[in-house]
Structures are given as structure tokens and as C-alpha cells.
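Q: Listed below are the residues making up each chain.
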Amino acid sequence: MGSLLVFLTDFGTEDGFAGVMKGVALSINPDLKLVDLTHNVRSFDILGGALILKAHYRYFPKGTVFVGVVDPGVGTKRKAIAVRTPNYYFVGPMNGLFDLVLQEEKPLEVVELTNPRYRLKVVNNTFHGRDIFTPAGAYITKGIPLRELGKKVTYKRFLKFPKPKRVRGKVIGEIVYTDKFGNAVTNIPCGKFRFCTFRNLKGRFVKNFLQGNKSSPSFICGSFGLVEVFLPMDSFADRFNAQRGERVICHF
Amino acid sequence: MGSLLVFLTDFGTEDGFAGVMKGVALSINPDLKLVDLTHNVRSFDILGGALILKAHYRYFPKGTVFVGVVDPGVGTKRKAIAVRTPNYYFVGPMNGLFDLVLQEEKPLEVVELTNPRYRLKVVNNTFHGRDIFTPAGAYITKGIPLRELGKKVTYKRFLKFPKPKRVRGKVIGEIVYTDKFGNAVTNIPCGKFRFCTFRNLKGRFVKNFLQGNKSSPSFICGSFGLVEVFLPMDSFADRFNAQRGERVICHF
Amino acid sequence: MGSLLVFLTDFGTEDGFAGVMKGVALSINPDLKLVDLTHNVRSFDILGGALILKAHYRYFPKGTVFVGVVDPGVGTKRKAIAVRTPNYYFVGPMNGLFDLVLQEEKPLEVVELTNPRYRLKVVNNTFHGRDIFTPAGAYITKGIPLRELGKKVTYKRFLKFPKPKRVRGKVIGEIVYTDKFGNAVTNIPCGKFRFCTFRNLKGRFVKNFLQGNKSSPSFICGSFGLVEVFLPMDSFADRFNAQRGERVICHF
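Going down the list, the sequences are from chains G, V and F.
In this text, residue positions in the first sequence follow my numbering: the first is 1, and each later residue adds one.
In this text, residue positions in the second sequence follow my numbering: the first is 1, and each later residue adds one.
In this text, residue positions in the third sequence follow my numbering: the first is 1, and each later residue adds one.
Simulated from the structure, these hints should not be mistaken for lab results.
A quick note: this is a predicted structure, and the numbers were derived from the prediction, not measured.
There could be a bad hint or two in this list.
Chain copies aren't distinguished; within one or between two, either way the pair holds.
Dumping the calculated DSS-like pairs for lysine-lysine here, alpha-carbon to alpha-carbon at most 25 angstroms [claimed, not checked]:
| id | residue 1 | residue 2 |
| --- | --- | --- |
| 1 | 62 | 121 |
| 2 | 77 | 192 |
| 3 | 142 | 62 |
| 4 | 79 | 214 |
Kindly produce the complete structure, drawing on both the sequences and the hints.
A: Right, dumping it as C-alpha cells:
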């Protein structure tokens with residue numbers, strides 16, 4: 001049994017970009033277990049990636065190393081980092097992707113991945129996931145301490161994540177993500193709401209999907225731990241052409 | 001070497017719903033091997049999921065635990081179950097998803113997953129795949145007997161799966177599924193057919209795809225063990241806008 | 001720790017075709033590690049599959065067995081083969097899929113998979129990936145020598161892969177693939193180019209994606225080791241409706 005390396009990227013699964021990172025990882029640590037959290041973050045969508053990571057990381061075993069790569073600035077001056085927290089490691093670009101998770105998991109040690117010994121010999125400016133981040137993650141699973149990987153840096157936040165506003169009796173938030181089923185995830189944490197509104201359509205805050213209204217938005221505490229807008233057995237996002245940024249208000 | 005846990009869901013691979021279940025599983029049994037049969041069953045398509053599971057389960061090693069989750073009724077009164085058969089275990093909602101496989105594999109023991117000890121501490125009404133089914137499956141791989149997981153129940157069928165009709169000299173069936181290549185899978189088991197018809201178009205029952213007619217439907221014994229309608233190196237489903245439920249007749 | 005079996009197919013991940021091969025592989029060798037390089041090669045796209053395999057194989061550990069299946073001629077007279085090279089094994093149809101990789105990795109031994117002992121008992125004419133190639137690959141990981149799998153044959157090339165033309169001061173090539181981000185991969189190996197042209201649009205050869213022009217094609221040394229045409233944080237292929245075969249010229 002080796003350690004666990006978990007990937008979150010926007011690389012897709014078509015082109016082998018996701019697969020080749022596993023070749024790199026297993027070349028460094030053949031005992032590694034590899035899990036894909038997702039490779040289908042929307043291209044360049046740092047906020048989406050940050051949300052997905054925050055929603056799910058805590059279900060993984062203590063000590064798991066997450067390699068997160070949504071990295072439109074690959075090859076530029078943005079920093080490549082590894083972060084140690086009380087329970088996990090996070091490796092990837094310092095561009096906001098880890099901002100949400102590090103609100104919950106305190107960064108105890110942050111290093112920039114500058115040591116050429118722990119990357120591939122040839123680094124391509126278009127693919128640090130393969131050449132820098134996966135090697136760093138794999139070496140961490142082998143027990144290489146972070147201070148070996150590079151120089152200490154201070155974690156800097158980049159993500160503009162909209163905060164819900166708490167006014168008395170209600171929370172004003174917005175859609176931040178839509179999932180595979182067409183449910184729209186908001187930035188409003190689950191709570192004991194009576195009802196919510198979207199585009200002035202009032203809908204019940206229900207306990208399961210089948211309680212939802214067939215043609216008008218209903219609301220539920222979803223799998224991200226956030227309020228979601230949905231249509232039962234249908235795609236709310238498609239039917240209403242719902243966009244990220246659209247307002248949702250939930251009433252206690 | 002641990003045991004094998006196999007997933008079949010309609011969760012997609014975009015949002016981390018598939019990945020997070022692996023975090024849960026490996027937290028319970030770190031030695032587990034995990035395989036994705038598919039996470040891309042069409043949303044809410046219980047019949048499609050049932051067909052895919054039936055087509056493939058028998059190729060997995062004896063003792064494999066299948067976690068199957070196509071579960072539009074998640075959080076409602078539909079039962080969460082685990083089933084033991086002579087060769088396998090099946091864990092998921094009792095909503096028809098296992099009806100086809102359990103026609104072949106006799107259910108020896110069926111329990112409702114009521115024991116809170118073998119689920120996550122917090123159960124969300126939108127995600128029993130993560131909170132109930134995966135934990136149950138992972139505990140089964142650790143040797144927990146089904147009677148520990150909950151109370152005995154009787155398996156009940158829910159799937160309305162169309163049966164092909166055998167009239168002398170022919171079998172009358174219908175399209176039940178279309179695959180990635182645009183081949184249309186019927187409910188007609190493979191047999192020594194001479195030809196079949198679709199929308200009154202007569203086509204040969206061929207031995208390999210390249211024997212098919214370029215512009216008119218041909219028929220073959222496909223990878224599900226069922227008759228398929230296809231166009232060689234083309235998408236039959238797209239070209240003919242073929243729908244589930246459309247009739248296919250095969251002649252001996 | 002067992003050996004490593006890596007899949008590259010056009011089977012998609014919807015229908016269980018990718019997953020079931022893992023059931024077959026683990027039935028033969030339960031200690032195997034399995035990696036998906038990709039199952040989303042475009043349907044029947046042998047050239048695309050060949051390119052993806054060539055781009056990534058060398059990042060996998062020595063001894064890795066690749067099962068490659070893009071196989072429109074499944075069930076016809078095209079040969080099912082296993083190839084041993086100095087560092088790897090390749091198993092699949094002899095239809096051009098391995099032509100590019102075997103330009104780099106010399107085939108030391110090539111056999112046709114004729115021995116029924118090392119395939120499934122029932123072979124379906126539509127799914128040699130499951131019934132012939134995966135079993136052969138899994139048996140290779142168990143140490144079965146190639147000569148046991150079948151009779152020696154000579155590797156024959158089938159792929160018509162366009163060669164770039166080197167004229168003095170420039171390389172004339174063409175688009176051979178488009179990736180998930182909409183970047184168009186050419187057949188021009190990376191070099192010290194100053195600029196390139198596409199449809200008479202001249203664009204800089206840049207060092208990272210963000211240096212690219214927002215509305216007009218730029219060029220970069222991409223993750224395949226080949227020149228790519230791109231738009232920064234946008235899909236070049238979509239915006240320009242770029243097609244495989246369109247000419248790209250790069251100037252030193």
C-alpha cells in the first residue's frame with residue numbers, strides 16, 4: 001500500500017494529458033494509488049475547480065496529496081507551489097485554485113517548486129501538470145519534505161469568490177456553478193430555509209429532488225453543502241439558461 | 001491486495017461526484033481496488049444503467065462488489081439495499097437498476113442499509129452514493145456480513161423492460177439503448193438470424209462491422225450480447241435519428 | 001505490486017466498454033495496476049490514437065504494457081498483434097495504430113494473437129478489446145512470453161501520416177489533431193521558429209499561452225512535442241473552424 005495521489009484538472013480525458021500524469025507518478029512511486037477527482041473542470045475555470053476541490057477534499061484519507069491543475073498561466077511567472085496543511089497536501093499553481101480549500105485547511109508550509117531535482121528533466125512551458133506538479137506530488141508521497149522541493153513562500157489569494165450577504169431573515173447569494181445534472185450550485189451555505197427566489201420566482205426549499213416543482217425552480221441542500229436550484233429529473237440550467245452570477249435569495 | 005469495488009453511476013465525471021466516492025471507499029478500506037464501469041449513464045436512466053450492468057458484470061472476478069447508483073429518488077422512501085448473489089454483491093437503490101442482473105444472478109440475501117454504523121456520519125439527501133452506498137460497499141469488501149448492514153428485505157422489481165416477442169421464424173423487439181458509436185442496441189438476444197428490419201428497411205445480419213451497408217441499416221451480434229443496428233464507421237443513431245422504443249424484427 | 005497495463009481506445013466511457021476490460025484484466029492478474037491513457041479517441045480515428053500514444057508512452061515506467069484499440073476492422077482479417085520493444089509492450093490491431101510509436105521504439109518481437117489459451121473462451125466479433133487484446137496484455141504482465149501468445153509475424157505499417165516538408169528557412173506542415181482546449185496540433189516538431197502562418201495569418205511563435213494574440217492565431221511548442229496553433233484561453237479550433245489537413249508553415 002502506497003499513498004494516495006488525487007488529480008483535479010481541466011485537461012479533459014480525450015488527449016492523454018490526464019493519463020500521462022499517471023505514467024509520471026508511477027515512474028516515481030510505483031506503489032502509489034491514483035484517483036481522479038475530475039479532469040473535466042471547464043477549461044481555465046479556476047473558480048469551478050476551487051469549488052469542486054473544496055466540496056470533496058475532506059472525504060479523502062488523511063495524508064492524501066492533491067495535484068490540482070487549472071492553469072491558464074502555465075509557463076508564466078505565476079508560482080508553482082506545494083502546500084502542507086494539518087491533514088493534506090496540495091500541489092499546483094498559486095492562482096486561486098486552492099483559495100477556498102485553504103480557508104478551511106490552514107496552510108502550515110508553502111513552498112515554491114524550484115528544485116529541479118524533483119521535476120522532469122525537460123519541462124515544457126505548456127504542461128507543468130506533467131513536468132512539475134505530478135512529480136512534486138509523487139515525491140511528497142515518498143516522504144520528501146516540502147523544504148526539499150523549493151523555497152518557502154507566502155500563500156497569496158487570487159480568487160474573486162463572491163460572498164453571500166446575510167441580511168436579517170434572508171441570505172442573498174448567486175449561482176457559482178452548474179453540475180452534470182443541470183443543477184445550479186449557489187454560494188449560499190445550507191441552512192434552515194423556508195423558500196428561496198430566482199428571477200423573482202419563489203420556490204420551496206425541499207428535502208429531496210422529487211419534492212421539487214416540475215416546471216418552476218425549487219431549492220435544496222446539495223452535494224456541495226450549498227443551496228442548489230433544480231428541476232426534478234430535468235436540467236434547470238438548460239431550461240432556464242441560468243448563468244453564473246445570477247442572484248438567488250433564500251429566506252429563513 | 002484488497003477486494004474490488006466497481007462503480008456504475010450517472011454522476012458524470014465533471015463535478016467530482018465520482019471521485020469523492022473513491023475517497024470515501026479508500027478511507028474505509030485503503031487496500032481496495034476501484035474500477036469505474038461507467039459514470040456516464042444518461043442522467044436518471046435506470047433502464048440504461050441496468051442494461052450496462054447486465055452486459056458487463058460477469059467479466060469481473062468473483063466476489064466483486066458493484067456500487068450502482070442511478071437514483072432519481074435519492075432521499076425519498078425508495079430503499080437503499082445490498083444484495084448478495086452466488087458470485088457478486090450489488091449495492092444501490094432498489095429502483096429497478098439491478099432487475100436485469102438479478103434475473104441471471106440469484107439474490108441469496110437482500111438487506112436494507114439501515115445500520116448507521118456503516119454509513120457516513122452525516123447523510124445528505126442528495127448524495128447517497130457517497131454517504132450510504134459506497135460506505136456499505138467498502139465495508140462489504142472488508143468482510144462485514146450483509147446482516148450487519150441492515151434488516152432483511154425482499155427484492156422487488158421496478159424496471160419495465162420490454163420483452164422481445166418470439167413469433168415463428170422471427171423475433172420482434174425494439175431499440176433499448178444507443179452506444180458511443182451510435183450503434184442501437186435492441187432487446188433481441190443474439191441468434192442465427194438471416195436478416196432484420198428497421199422501419200421496413202431490410203438489412204443483412206453480418207459477422208463484422210465492415211460487412212455492413214454504407215447507407216442502410218445492417219445488424220450484428222453486438223458487445224452487449226444483443227442484436228445491434230449499425231452503419232459501418234458511422235453513427236446509425238444520428239443518421240436515422242433512431243429512438244429507444246423503435247421496432248426491430250429479426251428473421252431466422 | 002503488479003505490473004502496469006495502460007489502455008488507449010475509442011470506446012468512450014459511457015457504455016461500460018472501457019470498464020469491462022478492467023474486469024477481464026483483473027480476473028487474469030489481480031495484482032495489476034490499470035491506467036486509462038484515454039478512452040476518448042474520436043471514433044475510428046486511428047491517426048489520432050497513434051498520435052496520442054506516441055506523445056505519451058515514454059512517460060510510463062519501463063515494462064508497461066499498452067493495450068491500444070481503435071479498431072474499425074474488428075472481426076475482419078486485420079491481424080491482432082502483440083509487440084515487444086526495448087522498453088514496452090504494445091497489444092492491439094495491426095492497422096496503423098502503433099506505426100508512430102514504433103518509429104521510435106524498435107519492434108523486437110511481433111506475434112499474431114492466435115493462441116486460444118490466452119483469450120476469452122467466447123470471442124465476439126465486435127469486441128476484441130475485451131476478448132483478445134486485454135487478455136493478451138494481462139497475460140504479458142504475468143510473464144507469459146510473446147512466443148506463447150501466437151505465431152511470429154512481420155510488422156506492417158498502415159498509417160498515412162503526413163510528413164512535414166523542410167524547405168530552407170521554413171517547415172511546411174499541417175494540422176493533424178485538435179485537443180480538448182481547441183488547440184490545433186500540427187505535424188511540425190518543435191523548433192526555434194520565429195513565426196508561423198495559418199491561412200496566410202502570420203502569428204508569433206511564443207513561449208507561453210498568455211503571450212498569444214487574443215484574436216489571431218499564435219503558435220507554441222505544445223504538450224505533444226509538436227507545434228500547436230492556439231488562441232489564449234479560447235478555442236482556436238472552434239473560432240477558426242480549423243480542420244485536420246489545413247496547412248501551417250513555420251519559419252526559423
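Q: A separate judgement is required for each hint: does it hold in the structure or not?
A: Now for the hints, and whether the structure bears them out:
no.: 1; hint: 62 - 121; result: between (31 angstroms within a copy, 17 angstroms between copies)
no.: 2; hint: 77 - 192; result: between (45 angstroms within a copy, 22 angstroms between copies)
no.: 3; hint: 142 - 62; result: both (15 angstroms within a copy, 20 angstroms between copies)
no.: 4; hint: 79 - 214; result: between (47 angstroms within a copy, 23 angstroms between copies)
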